[in-house]
Amino acid sequence: MAFRRAAETVVRVLITTSGWTAIAVLAAITVFLILNARQAISVVGLTKMLTGKLWYPTSTPPLFGFLPYIVASLRATFVALLVAVPLGVAAAVYISEFAGRRTKEVAKTIIEFMAAVPSVVYGLLAVAVAGPLVKEIFNLTSGLTILTAGLALGVMAVPTIVSISEDALHAVPDELRQGSLALGNTRWQTVQKVIVPSAASGIFASVMLGLGRAIGETMVVLMAAGNTMTLTWSLISSGRPMTAVMAGEMGETVQGGLHYSALFVVGLTLFLITFVINLAADTVLERQRVRWRR
Amino acid sequence: MKGTKWFALAAVAAIVAGALALTGCGSSTPAADTTPAKKAELSGSLTIAGSDTMINLAQAWSEKFMIDNPGVSVAVKGGGSGTGIAALINGTVDFADASRAIEPAEAASIKSKGGEAVTTVVGNDGIAIIVNSANKVEALTRDQLGRIYRGEIKNWKEVGGDDKPITLVSRDPSSGTYTFLKEKVVGKDKNYATSAKLLPSTQAIVDEVKSDKNAIGYIGLGYESASVKVVAIDGVKASVATVTDGSYLLSRPLNMISNGAPKAIAKAYVDWILSAAGQKIVKDQGFVPVTK
Numbered sequence: 033m034a035f036r037r038a039a040e041t042v043v044r045v046l047i048t049t050s051g052w053t054a055i056a057v058l059a060a061i062t063v064f065l066i067l068n069a070r071q072a073i074s075v076v077g078l079t080k081m082l083t084g085k086l087w088y089p090t091s092t093p094p095l096f097g098f099l100p101y102i103v104a105s106l107r108a109t110f111v112a113l114l115v116a117v118p119l120g121v122a123a124a125v126y127i128s129e130f131a132g133r134r135t136k137e138v139a140k141t142i143i144e145f146m147a148a149v150p151s152v153v154y155g156l157l158a159v160a161v162a163g164p165l166v167k168e169i170f171n172l173t174s175g176l177t178i179l180t181a182g183l184a185l186g187v188m189a190v191p192t193i194v195s196i197s198e199d200a201l202h203a204v205p206d207e208l209r210q211g212s213l214a215l216g217n218t219r220w221q222t223v224q225k226v227i228v229p230s231a232a233s234g235i236f237a238s239v240m241l242g243l244g245r246a247i248g249e250t251m252v253v254l255m256a257a258g259n260t261m262t263l264t265w266s267l268i269s270s271g272r273p274m275t276a277v278m279a280g281e282m283g284e285t286v287q288g289g290l291h292y293s294a295l296f297v298v299g300l301t302l303f304l305i306t307f308v309i310n311l312a313a314d315t316v317l318e319r320q321r322v323r324w325r326r
Numbered sequence: 006m007k008g009t010k011w012f013a014l015a016a017v018a019a020i021v022a023g024a025l026a027l028t029g030c031g032s033s034t035p036a037a038d039t040t041p042a043k044k045a046e047l048s049g050s051l052t053i054a055g056s057d058t059m060i061n062l063a064q065a066w067s068e069k070f071m072i073d074n075p076g077v078s079v080a081v082k083g084g085g086s087g088t089g090i091a092a093l094i095n096g097t098v099d100f101a102d103a104s105r106a107i108e109p110a111e112a113a114s115i116k117s118k119g120g121e122a123v124t125t126v127v128g129n130d131g132i133a134i135i136v137n138s139a140n141k142v143e144a145l146t147r148d149q150l151g152r153i154y155r156g157e158i159k160n161w162k163e164v165g166g167d168d169k170p171i172t173l174v175s176r177d178p179s180s181g182t183y184t185f186l187k188e189k190v191v192g193k194d195k196n197y198a199t200s201a202k203l204l205p206s207t208q209a210i211v212d213e214v215k216s217d218k219n220a221i222g223y224i225g226l227g228y229e230s231a232s233v234k235v236v237a238i239d240g241v242k243a244s245v246a247t248v249t250d251g252s253y254l255l256s257r258p259l260n261m262i263s264n265g266a267p268k269a270i271a272k273a274y275v276d277w278i279l280s281a282a283g284q285k286i287v288k289d290q291g292f293v294p295v296t297k
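If you're matching them up, the sequences are chains R and A in order.
Those letters in the first sequence? Residues 33 to 326, per the numbering used here, in order.
Those letters in the second sequence? Residues 6 to 297, per the numbering used here, in order.
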């Protein structure tokens, strides 16, 4: 008995520690980013970096404006959402409401597998398949565009959206479904008017998480987006999202130098963006959970 | 039943015979090996990190050196010139490979830790300017090239080509090659055009120039391929010969940087790299040997 109680205490302490470690790690990351970013923020100025249109870290004097890169991240993410939201939500609705049990299991496994494909493979596909296609369709000289990268990002965000949306749809109480059918609605009407609206906040959260996935993805954009500094909202021109800037330049900079620190400012900006997105998604999900608990 | 027994016996016999043959080989090797290991046996380990331009070369060196000196292990990592030098500053590597010179700030941090950065030039690299094979342009001047990369010349017809917009292809700003071309061609106080595509690797540049008819790019000599066309600069085409005799404009040294002059195995390694055997590998990898 005493042994059992001791074991339980040990396990409880371990679990508590793990939980707090996760929080501590997040705090440490934030502190680390801020400490490294401080130099560039104080020397160059945050507003000048966020609104500057030129990024010439190795010229004299160096310029560290990364507005074009923020815009590029947004452009790529926008394309990704255009692809991922309809595909993901439709797939989730199908799996949750229409598919038979067998199909459901198979489809879920395949979609989970999509999440396991390394991003560099998606990058290769974007360069080798989507690139030439985009080049052909829009009659461009090069297939390395935001659209190309965004298409791949969209496909990558699908698993996140499907699995979380599917959970949300699944969580809608069966009484609602039964009630709607009993009132003479068809299955499609039930889905459209009752189920999807009831799960709306969960679906929204899944989209936010998918968005977070897309905006933080690095390898695909580094390989397929073309990496130009041009400030434009056009989707078929190339661009250089923030992640590509960091991944491309971190390797060769002088560690501890101004350029190094400026890359941390880019990282911090991205971190804040994804943090806010995730926080929003989580809040919305939590609200839905509370609603169904009643 | 009897069959299985026989089979088992045969299998055991085969294994024993195989083992005997192996040990036989093993015992005969040292006898045959005594000739190459004539000088004092080297042993120990070296760690090297740095330039991605030099990574294949550095690997090839380490592999050959380890075959010749079984007691030595040489570990090579990439990551970029800056990463290599940072590792040297932190004292975690014996050499930093760098396709650029060490920056004053970096040299100062080594000094502040009581050391001194020593650079050994271990090879040379020529930067070839490439265009799509369908492009009519055969030669450019240094001035034209600078204006193209600054975005002042935007159309191929201005330099004798077709009436097509120029697609600029470049490495990213922290690449040693990017900095090199900027200093030599674009201008120290000037910048690449914002429309330049900043690609993450030399191979990506080759691929892009291959697929885009209007593209221009720059690559290390070792990456030259038949699928793209090398353009002459100021009348000279990049090649091992023109880099060696110094007539080609765009060539640069490849460096190995150590903290203090190399000692013991580190010295043996650098001496071997600078020997005929080491420099032959430089040539095999598409770079240009150092001439002494």
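Hints in this document: simulated from the structure, not taken from any laboratory.
Be aware that one or more of the hints could be misleading.
What the hints assert, rightly or not - Taking lysine-lysine pairs in the PhoX-like style, the calculated list, with each CA pair at most 20 Å apart, reads:
1. R:K167 - A:K195
2. A:K195 - R:K85
3. R:K80 - A:K189
4. A:K116 - A:K169
As the list claims (entries may be wrong) - Derived contacts from chain R toward chain A, CB cut-off under 7 Å, selection only:
5. Y126
6. N171
7. T264
8. S266
9. L267
10. S269
11. G280
All figures in this text were calculated on a predicted structure; none of them were measured in a lab.
Glycine residues also receive a C-beta, built at the ideal position from the N, C-alpha and C atoms.
Comparing the hints with the structure gives:
For the given pair, K167 of chain R sits about 32 Å from K195 of chain A by alpha-carbon distance, which is inconsistent with the 20 Å threshold. Pair hint K195 of chain A plus K85 of chain R holds up; C-alpha atoms about 16 Å apart against a cutoff of 20 Å. Restraint check for K80 of chain R and K189 of chain A: the C-alpha separation of about 29 Å exceeds 20 Å, so the hint is violated. Distance restraint check for K116 of chain A and K169 of chain A: the Cα-Cα separation of roughly 52 Å exceeds the 20 Å cut-off, and the hinted pair is therefore not satisfied.
Hint on Y126 of chain R is violated. Least Cβ distance to chain A is approximately 38 Å, over the 7 Å limit. Checking N171 of chain R against chain A: minimum C-beta separation of about 12 Å lies over 7 Å; hint violated. Checking T264 of chain R against chain A: minimum C-beta separation of about 10 Å lies over 7 Å; hint violated. Interface restraint check for S266 of chain R: the shortest CB-CB distance to chain A comes to about 13 Å, outside 7 Å, so the restraint is violated.
A distance limit of 7 Å between C-beta atoms decides the matter here; for L267 of chain R the minimum to chain A is near 17 Å, and the interface restraint is violated. Annotation: interface hint on S269 of chain R violated; nearest CB of chain A at approximately 9 Å, more than 7 Å. Annotation: G280 of chain R was flagged as interfacial toward chain A, and the flag holds, the nearest CB pair being 4 Å apart, inside 7 Å.
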